[in-house]
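K.L.:
This is what each chain is made of:
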Amino acid sequence: MESVARAVLAGAIKGVTAAASIATAILLVRLAPEALKLPGLDEWMHANAALHKEVQERRDIELKLRTSESRYRENAELLDLTHDAILVRSMKGEIIFWNRAAERLYGWHKEEVLGQITYQLLQTVFPIPLAEIEAELLKTGSWEGEVVHIRRDGGQLTISSRWAVRKQGDVPVAILESNRDITERKREEEKFHKLMEATPDAIVIVKS
Amino acid sequence: MGFLRQLFGSGDFRPHGYCYLWNPGLVWLNVLSDLLIALAYFAIPVILVWLIRKRRDLPFSWMFALFGAFIVACGMTHVMEVWNL
Chain G
1 MESVARAVLA
11 GAIKGVTAAA
21 SIATAILLVR
31 LAPEALKLPG
41 LDEWMHANAA
51 LHKEVQERRD
61 IELKLRTSES
71 RYRENAELLD
81 LTHDAILVRS
91 MKGEIIFWNR
101 AAERLYGWHK
111 EEVLGQITYQ
121 LLQTVFPIPL
131 AEIEAELLKT
141 GSWEGEVVHI
151 RRDGGQLTIS
161 SRWAVRKQGD
171 VPVAILESNR
181 DITERKREEE
191 KFHKLMEATP
201 DAIVIVKS
Chain W
1 MGFLRQLFGS
11 GDFRPHGYCY
21 LWNPGLVWLN
31 VLSDLLIALA
41 YFAIPVILVW
51 LIRKRRDLPF
61 SWMFALFGAF
71 IVACGMTHVM
81 EVWNL
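Protein chains in written order, with the numbering used here: chain G, 1 to 208; chain W, 1 to 85.
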């Protein structure tokens with residue numbers, strides 16, 4: 001390369017270097033106060049410790065939740081073992097639990113009935129107005145009586161029903177309904193009754 | 001002794017200006033660039049030292065100090081180049 005060109009190239013490189021150096025210095029001057037504003041190592045450590053604590057707490061809560069969830073599942077499994085149809089409904093009447101015996105008795109699967117309103121689903125016939133039942137339920141925390149339910153296949157069932165209110169603090173949150181099928185017993189009773197009425201003999205039942 | 005005199009005396013050395021072919025534009029470009037570079041190189045360590053003094057928790061602060069020293073030295077060579085023209 002010619003010496004003139006070399007000298008010009010060297011000068012150009014030096015010029016670029018100068019521009020870059022000045023730019024760096026100016027940027028650094030502007031950057032320094034920003035860098036000073038950043039949280040220090042101590043603050044990071046503090047934040048980190050706080051975060052660590054929170055993670056630990058959450059882990060504990062999760063563990064507790066999981067334990068209670070498995071306990072809940074166990075309880076639900078226990079409820080599946082009983083012969084009575086057990087359903088839990090919210091205060092609005094939506095079914096939130098439906099055990100195995102209820103599936104057998106009424107013919108609907110749990111998944112089909114969750115969220116439905118019991119009275120509508122089972123076309124419940126109450127012995128007294130529902131409003132009265134609910135009033136008593138809220139007052140005493142429970143109710144029991146005979147109701148008529150219609151099964152999925154249209155069959156009519158006479159049910160001995162017991163209701164209990166579940167409260168959280170003072171607030172009622174759910175109603176547990178335990179239903180026993182007494183259709184057969186009822187029929188037998190009626191048959192017996194009719195038999196009694198039909199007989200020409202005088203029959204008196206005395207308390208023993 | 002002769003060697004030292006040879007080293008520091010200006011006798012045997014050609015002025016640096018020969019490299020720029022004594023072209024006024026090139027000479028001024030070099031002088032100006034060298035001065036600007038030197039200025040930046042002396043300013044940067046000042047900021048770095050100020051930073052490591054303010055931020056006591058800065059990790060590897062010795063590296064910033066070392067870099068500051070290095071860049072001051074670099075700046076000195078550019079000053080020398082102007083002087084040696």
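Treat the hints with care, as some may be off.
What the hints assert, rightly or not - Chain G is faced by these chain W residues, among others (derived, beta-carbon under 7 Å):
{"hint": "1", "residue": "29"}
{"hint": "2", "residue": "37"}
{"hint": "3", "residue": "40"}
{"hint": "4", "residue": "54"}
As the list claims (entries may be wrong) - Straight-line distance between alpha carbons at most 25 Å, and here's what the computed SDA-like set of lysine to any residue pairs gives:
{"hint": "5", "chain 1": "G", "residue 1": "186", "chain 2": "G", "residue 2": "37"}
{"hint": "6", "chain 1": "G", "residue 1": "194", "chain 2": "G", "residue 2": "176"}
{"hint": "7", "chain 1": "G", "residue 1": "37", "chain 2": "W", "residue 2": "81"}
{"hint": "8", "chain 1": "G", "residue 1": "37", "chain 2": "W", "residue 2": "52"}
{"hint": "9", "chain 1": "W", "residue 1": "54", "chain 2": "G", "residue 2": "27"}
Hint data in this document are derived by calculation from the structure and do not stem from the laboratory.
Predicted, not measured: the structure shown is a model, and the values here were computed from it.
For each residue, glycine too, the CB sits at the ideal point set by N, CA and C.
K.L.:
It remains to establish, for every hint, whether it holds in the given structure.
P.N.:
Verification of the hints:
Annotation: interface hint on residue 29 of chain W holds; nearest CB of chain G at approximately 5 Å, less than 7 Å. Hint status for residue 37 of chain W: holds, given a least beta-carbon distance of 5 Å to chain G, under 7 Å. Hint status for residue 40 of chain W relative to chain G: holds, with the closest Cβ pair at about 4 Å, below 7 Å. Proximity of residue 54 of chain W to chain G holds as hinted, the smallest CB-CB distance being about 6 Å (cut-off 7 Å).
Restraint check for residue 186 of chain G and residue 37 of chain G: not satisfied, since their Cα atoms lie roughly 84 Å apart, outside the 25 Å limit. Straight-line distance between C-alpha atoms of residue 194 of chain G and residue 176 of chain G comes to about 36 Å, which puts the hinted pair past the 25 Å bound. Among the hinted pairs, residue 37 of chain G with residue 81 of chain W is inconsistent with the structure: their alpha-carbon atoms are about 39 Å apart, more than 25 Å. The suggested pairing of residue 37 of chain G with residue 52 of chain W holds, with an alpha-carbon distance near 13 Å, which does not exceed 25 Å.
Taken as a hint, the residue 54 of chain W and residue 27 of chain G pair is honoured in the structure, with Cα atoms around 18 Å apart against an allowance of 25 Å.
Of the hints listed earlier, those the structure fails to meet are numbers 5, 6 and 7, in rising order.
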